[in-house]
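Chemist: Work out the full structure: start from the sequences and follow the hints.
Here is what each chain is made of, one letter per residue.
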Amino acid sequence: EAQVTQNPRYLITVTGKKLTVTCSQNMNHEYMSWYRQDPGLGLRQIYYSMNVEVTDKGDVPEGYKVSRKEKRNFPLILESPSPNQTSLYFCASSPHGNDYGYTFGSGTRLTVV
Amino acid sequence: AQSVTQLDSQVPVFEEAPVELRCNYSSSVSVYLFWYVQYPNQGLQLLLKYLSGSTLVKGINGFEAEFNKSQTSFHLRKPSVHISDTAEYFCAVSDRGDSWGKLQFGAGTQVVVTP
Numbered sequence: 001e002a003q004v005t006q007n008p009r010y011l012i013t014v015t016g017k018k019l020t021v022t023c024s025q026n027m028n029h030e031y032m033s034w035y036r037q038d039p040g041l042g043l044r045q046i047y048y049s050m051n052v053e054v055t056d057k058g059d060v061p062e063g064y065k066v067s068r069k070e071k072r073n074f075p076l077i078l079e080s081p082s083p084n085q086t087s088l089y090f091c092a093s094s095p096h097g098n099d100y101g102y103t104f105g106s107g108t109r110l111t112v113v
Numbered sequence: 114a115q116s117v118t119q120l121d122s123q124v125p126v127f128e129e130a131p132v133e134l135r136c137n138y139s140s141s142v143s144v145y146l147f148w149y150v151q152y153p154n155q156g157l158q159l160l161l162k163y164l165s166g167s168t169l170v171k172g173i174n175g176f177e178a179e180f181n182k183s184q185t186s187f188h189l190r191k192p193s194v195h196i197s198d199t200a201e202y203f204c205a206v207s208d209r210g211d212s213w214g215k216l217q218f219g220a221g222t223q224v225v226v227t228p
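Just so you know, the sequences run in chain order W and A. Each step along the first sequence adds one to the number in my numbering, with nothing skipped, and position 53 is 53. Every number in my numbering is 113 more than the matching position in the second sequence, counting from 1.
Bear in mind the hints are in silico, worked out from the structure with no lab data behind them. Virtual Cβ for every residue (Gly too), placed ideally from N, Cα, C. Treat the hints with care, as some may be off.
[Said to hold, decoys possible] Computed beta-carbon distance windows for the label pairs:
{"hint": "1", "chain 1": "W", "residue 1": "K65", "chain 2": "A", "residue 2": "R190", "range": "23 to 31 angstroms"}
{"hint": "2", "chain 1": "W", "residue 1": "K69", "chain 2": "A", "residue 2": "P125", "range": "43 to 51 angstroms"}
{"hint": "3", "chain 1": "W", "residue 1": "T22", "chain 2": "A", "residue 2": "E129", "range": "39 to 47 angstroms"}
{"hint": "4", "chain 1": "A", "residue 1": "I196", "chain 2": "W", "residue 2": "T20", "range": "36 to 44 angstroms"}
{"hint": "5", "chain 1": "A", "residue 1": "A130", "chain 2": "W", "residue 2": "V113", "range": "27 to 35 angstroms"}
Modeler: Structure representation (structure tokens):
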């Protein structure tokens with residue numbers, strides 16, 4: 001089944017403890033992206049990647065890192081999480097850019113206390 | 114840079130009634146337009162998209178949207194809703210000439226369908 005898989009689905013952590021949210025797609029898509037969803041704000045893009053080793057900042061990159069060492073994987077790293085990073089995170093992929101439409105993962109609900 | 118305004122944060126509707134979700138955008142360039150749906154506890158799913166051609170676009174689950182360039186709108190409609198259409202709906206826009214660029218989402222419209 002074609003899908004984007006995120007792990008974990010739920011995560012509670014403490015301020016300052018480094019964490020990684022994994023994202024993997026099995027569709028050989030070139031384009032991958034991370035979004036955070038907050039009530040009343042819709043989805044805001046954190047980082048995106050056009051291909052292996054090619055990444056760029058979205059609207060809200062502060063406090064996040066990404067890497068794209070393999071085409072299928074695009075992990076999101078929070079080096080020192082803070083409470084304002086409590087949010088619902090989505091990974092998405094597309095064959096080649098926005099016009100194809102995205103396939104989204106099921107989301108990761110992160111709480112930083 | 115583009116921006117998207119979804120004019121209603123919540124739309125209550127009775128089963129089998131029609132529904133319209135309003136979306137306006139602003140952009141200095143030509144755009145691609147999208148509607149995504151998010152069912153409870155799930156990721157987003159593409160409903161339909163406008164890239165070019167006919168301004169009336171048909172999508173999945175009986176939804177359609179009309180692109181109106183003069184009014185910079187892309188409203189979503191369904192003539193008769195089901196309970197299963199209860200979800201949050203997001204309008205999104207990107208630059209036509211930059212398909213690798215940013216996809217800007219609206220704040221979302223929550224549709225609640227009641228019997």
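Chemist: Now tell me, hint by hint, if it's right for this structure.
Modeler: Now for the hints, and whether the structure bears them out:
no.	hint	result
1	W:K65 with A:R190: 23 to 31 angstroms	42 angstroms, violated
2	W:K69 with A:P125: 43 to 51 angstroms	47 angstroms, holds
3	W:T22 with A:E129: 39 to 47 angstroms	43 angstroms, holds
4	A:I196 with W:T20: 36 to 44 angstroms	39 angstroms, holds
5	A:A130 with W:V113: 27 to 35 angstroms	43 angstroms, violated
When each numbered hint is compared with the structure, violations occur for hints 1, 5.
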